[in-house]
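Following the hints, position chain B with the ligands against chain A.
Top line first, the protein sequences correspond to chains A and B.
Using our numbering, the letters of the first sequence map in sequence onto residues 1 to 251.
Using our numbering, the letters of the second sequence map in sequence onto residues 1 to 481.
These aren't lab readings, by the way, just hints derived from the structure by calculation.
Here the structure is a predicted model, which means the values were calculated and not measured.
Misleading hints may appear alongside valid ones.
Stated by the list, open to error - Restricting the straight-line Cα-Cα distance to at most 25 Å, the calculated cross-link-like pairs of lysine-lysine (PhoX-like) are:
(1) K69/B / K265/B
(2) K425/B / K277/B
(3) K346/B / K265/B
(4) K100/A / K454/B
(5) K367/B / K399/B
(6) K100/A / K470/B
What the hints assert, rightly or not - With the C-beta cut set under 10 Å, the calculated list includes, among others, these residues of chain B facing chain A:
(7) S171
(8) E420
(9) T423
(10) E428
(11) C434
(12) G451
(13) Y452
Idealized CB from N, CA, C, for every residue including glycine.
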Amino acid sequence: MLKIQNLHAQIEDKPILNGINLTVNAGEVHAIMGPNGSGKSTLAATLSGREEYTVTDGTVEFMGKNLLEMAPEERAREGVFLAFQYPVEIPGVSTINFMKTALNQIRTHRGEAPLDAVAFLKLMKEKMKLVEIDQSLLNRSLNEGFSGGEKKRNEIFQMAMLEPRLAILDETDSGLDIDALRIVANGVNALRSKNNAIIVVTHYQRLLDYIVPDFVHVLYKGRIVKSGTKELALELEEKGYDWIKAGLATV
Amino acid sequence: MAKDDHIIQEITTKEYEHGWVANLESESAPKGLSEEIVRFISQRKSEPEWLLEWRLKAYRHWLTMEEPKWPNVTYPAINYQDIIYYSAPKKKASPKSLDEIDPELLKTFEKLGISLTEQKRLTGIAVDAVLDSVSVATTFKEKLGELGIIFCSFSEAVHEHPDLVKKYLGSVVPATDNYFAALNSAVFSDGSFCYIPAGVRCPMELSTYFRINAANTGQFERTLIVAEEGSYVSYLEGCTAPMRDENQLHAAVVEIYAMKNAEVKYSTVQNWYPGNKEGVGGIYNFVTKRGLCAGDHSKISWTQVETGSAITWKYPSCVLKGDYSVGEFYSVAVTNNFQQADTGTKMIHLGKHTKSRIVSKGISAGKSQNSYRGQVHIHKRAVNARNFSQCDSLLLGDKCGAHTFPYIDVENDSARVEHEATTSKIGEDQIFYCQQRGIDEEAAVALIVNGYAKEVLNQLPMEFAVEAQKLLALTLEGSVG
Ligand SMILES: Nc1ncnc2c1ncn2[C@@H]1O[C@H](COP(=O)(O)OP(=O)(O)OP(=O)(O)O)[C@@H](O)[C@H]1O
Ligand SMILES: [Mg+2]
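Okay, chain A solo, but in the shape it has when bound:
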């Protein structure tokens, strides 16, 4: 589904990603971990097409197409979804209105007719239940005055609504209380299928107890320096990153 080869990206002449290689197949869940500032959000932003990040080398293939050539909204319409580490506030625009606009643009892209009000409402109710989110929140201005946890839950609600092929969750677990974490994780798991894939960026093993990954990668200084299975996350939790850094220094 996703094939990243030797990806280099920079912001304002500062190289951040220094040769990422990663292949994600349909049905897989990949966790990306790594110290603060190692480039995890940058990777997510680059994949979703944020303009400030310039790709200087490498290729990214998504569903057999060149992802890097596509505009951000095209990537989204093709099925790339990013749950933001810091969701953005849009005053005066409700989540409902926002989702209606988004869903209909995506449907148009797929050559489908826009959903009528009844069908939209039905879909919404179904997804609301999935992530246990209240309609009053969805009527409010998008993310405006939302608590940290509400914002994250709202991101997962949007993911549920748009049913992406590839979802990248950037620290969706941070700021969540224990119950919310479970709810969000359940929501994500419910959306897992053999046709889609998920990349989970996280600092904590805890989330991976709920969303069990097929692979775990460690990102450090813009490179994936170690990959393994879910046991790697446990090891990191126990030992921190120093042993990996030390291991790199001796190479």
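Chain B with the ligands in isolation, oriented as in the chain A frame:
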């Protein structure tokens, strides 16, 4: 930032949608302004002597006045002798039914998206349409007549209801009020008249459409609304004009008179031709709108969505004379390219316990200049007056300007006046967030702008809110890339 530059460059790609000229024969006065022209107009309209005198007085006073220089707008001097002050479609202009109207004219209105026949059948909105100088059709007259509501062209009112017109004309905006009001009083050609009898709640929206069609023609219409005790009416005004290279002058006057317990809502969706991307052409929209809350517990509410005109100079105001009377002003003003807008309101608190609320949302793009100018005056005897003002500016790009000029005069210590102002830009992160959900930049800007203006758009009747939303998006279309 590079992206902002891009936004600015792209901002100018959308052309004006209503820029066609109807193929109508018209009869015009010769260019220029003089006592003779004033007499010509009055005679054409077979007006009574008192109205001619009223016009002449206004004209003579106008001669002694100077064009205001204080608005934050610049434009080349207007040559008042180069304007045609009267132009009427040639076919007979006071049809008894829609069937008598020139089919070309009906086509004109259909192109505008206001088919009078459609309107009549479907929407239940009574429409008075003013093309150039003459009012051409008023629908729903009979139905309104049963309730004692008068809704007709101004000329007709002069003949059919002379006492009412004589009593209220100039009672809120005197003929000598300001330069453009005086000009209008001298040469006004038509407009709408509306009278709601005591205790009557007007069951439908009343609506006037204005369109300038003939070249070199100024449009000077007058609207007069009288709401008797305990009555209610919601009034809508829309306007468009064809694309022309030269600037055209539009100097209208709207007067609202509200008695005890009466409520008038006046909504405007202004879409005059704004000029092209280089700033050539466009309408000079110099308008005086004022409402008088004459009776206790009366309420006047102005809502305006200003997207058109090369220059807008307009301050819909409320004089809160009755105790417990309420004035409201909700405004969205969008400027793009080289448009200039200096708009706002005046809330004059005279009565006790009077309340006013101002919500102004300016949106500037391109190289436009957008100013809010507002005055809140709490008079000595206005005990316990309240005002709340919220003035927000939204900038797209960094070649445009947003300015706020609030004037607050408080002469009574018991007054409470609150003023809040913000300036913001559409954030790249907001646009990217939308894009990441599959929404393209253009739609993202429209979404964000409509969200920003929501508090004002919510004040509009449903179908006009939809129209206004589309207009906002249209005005800003191409504003990002
Ligand atoms: N706009 C920017 N200008 C300059 N430097 C930036 C910018 N955005 C990111 N960076 C830098 O790029 C590096 C990687 O940042 P990134 O946000 O990708 O880290 P991260 O792995 O997601 O960290 P965290 O775990 O703290 O979220 C950091 O050093 C950061 O300061
Ligand atoms: Mg991050």
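Verification of the hints:
no. : hint            : result
1   : K69/B / K265/B  : 31 Å, violated
2   : K425/B / K277/B : 22 Å, holds
3   : K346/B / K265/B : 16 Å, holds
4   : K100/A / K454/B : 17 Å, holds
5   : K367/B / K399/B : 5 Å, holds
6   : K100/A / K470/B : 17 Å, holds
7   : S171            : 39 Å, violated
8   : E420            : 14 Å, violated
9   : T423            : 14 Å, violated
10  : E428            : 8 Å, holds
11  : C434            : 8 Å, holds
12  : G451            : 3 Å, holds
13  : Y452            : 6 Å, holds
Going through the hint list in order, the structure does not satisfy hints 1, 7, 8, 9.
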